[in-house]
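*Asks:* Sequence:
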Amino acid sequence: MNALHFSRVVIVGVGLIGGSLALSLKRAGVVGTVVGVGRTAASLEKAVRLGVIDEAATSLADAARGASLIVLCAPVAQNFALLHALEPHLEPGTIVTDAGSTKSDVIMAAKTALGDKVAQFVPAHPIAGRELNGVEAALNDLYLGKKVVLCPLQENSRTDVAAVRAMWESAGADCHVMSAVQHDAVFASVSHLPHVLAYALVAQVANAEDGPLKLDFAGGGFRDFTRIAASSPEMWRDICVANKDALLREIDTYEAVLGYLKTQIKAGDGDALERVFKRASDTRLKWGAARANALHNVEP
Numbered sequence: 001m002n003a004l005h006f007s008r009v010v011i012v013g014v015g016l017i018g019g020s021l022a023l024s025l026k027r028a029g030v031v032g033t034v035v036g037v038g039r040t041a042a043s044l045e046k047a048v049r050l051g052v053i054d055e056a057a058t059s060l061a062d063a064a065r066g067a068s069l070i071v072l073c074a075p076v077a078q079n080f081a082l083l084h085a086l087e088p089h090l091e092p093g094t095i096v097t098d099a100g101s102t103k104s105d106v107i108m109a110a111k112t113a114l115g116d117k118v119a120q121f122v123p124a125h126p127i128a129g130r131e132l133n134g135v136e137a138a139l140n141d142l143y144l145g146k147k148v149v150l151c152p153l154q155e156n157s158r159t160d161v162a163a164v165r166a167m168w169e170s171a172g173a174d175c176h177v178m179s180a181v182q183h184d185a186v187f188a189s190v191s192h193l194p195h196v197l198a199y200a201l202v203a204q205v206a207n208a209e210d211g212p213l214k215l216d217f218a219g220g221g222f223r224d225f226t227r228i229a230a231s232s233p234e235m236w237r238d239i240c241v242a243n244k245d246a247l248l249r250e251i252d253t254y255e256a257v258l259g260y261l262k263t264q265i266k267a268g269d270g271d272a273l274e275r276v277f278k279r280a281s282d283t284r285l286k287w288g289a290a291r292a293n294a295l296h297n298v299e300p
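Note that our numbering gives residue 285 to position 285 of the sequence shown, counting from 1, and the numbers run on in steps of one.
Honestly, I wouldn't trust all of these hints.
In silico DSSO-like pairs for lysine-lysine, Cα to Cα no more than 27 Å straight-line [said to hold, decoys possible]: (1) Lys244 <-> Lys262; (2) Lys146 <-> Lys26; (3) Lys286 <-> Lys147; (4) Lys286 <-> Lys146; (5) Lys244 <-> Lys146; (6) Lys244 <-> Lys266; (7) Lys46 <-> Lys26; (8) Lys214 <-> Lys262; (9) Lys147 <-> Lys26; (10) Lys266 <-> Lys214; (11) Lys262 <-> Lys278; (12) Lys278 <-> Lys266; (13) Lys147 <-> Lys262; (14) Lys244 <-> Lys111.
Derived by calculation from the structure, the hints in this document are not laboratory data.
As the structure is a computational prediction, the values presented were derived from the model and not from experiment.
Let the sequences and hints guide you as you build the complete structure.
*Replies:* Next comes the structure, spelled out in structure tokens:
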């Protein structure tokens with residue numbers, strides 16, 4: 001492997017995230033062979049047929065042989081078992097990274113499962129996704145203009161961290177560095193909580209006696225707010241459990257804000273409601289404009 005070429009990349013979990021990474025690396029011309037590892041032969045055969053991966057491996061042991069880079073893209077609860085299975089077959093020159101939405105848990109899993117080899121593991125999290133799942137949803141430009149958070153370990157070499165950064169940048173992403181604790185707190189707020197809220201709202205409507213009627217009349221607001229409730233239930237189950245402390249703090253804060261709004265609605269205090277709505281609206285408009293401008297400036 002040189003600075004921008006990986007001779008053999010192993011993707012563990014060839015779904016939306018892993019499949020899109022494989023396609024992005026192929027588009028960038030920085031990978032030789034992409035090997036996929038998955039739970040079912042059918043999904044791997046589909047990935048080969050779609051041109052997402054070049055080979056399907058039946059085991060981590062087979063896949064890891066001669067690998068330049070191994071990327072874990074399975075649900076976060078599977079990381080310990082995967083790393084434990086990988087450890088005996090992890091060669092000295094191989095870099096391991098992940099794409100999980102929580103970091104403190106995967107770092108603990110890596111240190112426990114890999115022991116002295118944990119220096120080869122560079123934690124990462126791409127901030128990208130769709131509400132669609134599976135390899136058929138993979139896109140070769142999913143990471144273009146998106147942020148990736150790296151949470152390097154003290155044990156990591158600068159060369160390995162730079163290689164993981166270069167890999168994501170070749171996919172079109174913008175890399176940032178955070179501590180694992182800071183990462184988990186930030187994403188509990190802006191990613192994990194919104195998914196819980198979206199799932200909760202759809203569950204509330206679905207459980208209502210007149211749920212079908214409500215859904216029949218639901219419009220764009222309901223569609224936009226609940227889009228992410230179509231995301232992988234398994235993945236978000238694992239994220240909520242893995243990041244429960246930070247997520248529970250965010251739920252408590254959200255409940256406090258919601259409780260305040262409930263009180264003002266009961267009191268009929270329109271001015272108080274408008275003040276909260278105005279601040280929220282201004283923040284959302286400013287954030288949306290900045291995001292649109294950033295995406296507009298990304299080179300295709």
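*Asks:* Next, verify each hint and record whether it holds.
*Replies:* Here is how each hint holds up against the structure:
Straight-line distance between C-alpha atoms of Lys244 and Lys262 comes to about 26 Å, which keeps the hinted pair within the 27 Å bound. A C-alpha spacing of about 18 Å is found between Lys146 and Lys26, which places the hinted pair at or below 27 Å, so the restraint holds. A C-alpha spacing of about 19 Å is found between Lys286 and Lys147, which places the hinted pair at or below 27 Å, so the restraint holds. For the given pair, Lys286 sits about 18 Å from Lys146 by alpha-carbon distance, which is consistent with the 27 Å threshold.
Between Lys244 and Lys146, the direct Cα distance comes to roughly 25 Å. Compliance with the 27 Å bound is thereby established for this hinted pair. Our distance criterion of 27 Å between C-alpha atoms is broken by Lys244 and Lys266, whose separation comes to about 32 Å. Under the criterion of a C-alpha separation no larger than 27 Å, the hint pairing Lys46 with Lys26 is consistent with the structure, at around 17 Å. This hinted pair checks out: Lys214 and Lys262 have alpha carbons roughly 22 Å apart, not beyond 27 Å.
Proximity of Lys147 to Lys26 is assessed by CA-CA distance (about 20 Å); at most 27 Å being required, the pair is judged to hold. Restraint check: the Cα-Cα separation between Lys266 and Lys214 comes to about 24 Å, which is no more than 27 Å; the hinted pair holds. Between Lys262 and Lys278 the CA atoms are separated by roughly 17 Å; this keeps the pair inside 27 Å, and the hint holds. Note on Lys278 and Lys266: the hinted pairing holds, with a Cα-Cα distance of about 19 Å set against a maximum of 27 Å.
As the CA atoms of Lys147 and Lys262 are separated by approximately 35 Å, the hinted pair breaks the 27 Å bound. This hinted pair checks out: Lys244 and Lys111 have alpha carbons roughly 20 Å apart, not beyond 27 Å.
Violated hints, listed in ascending order, are 6, 13; each of the other numbered hints is respected by the structure.
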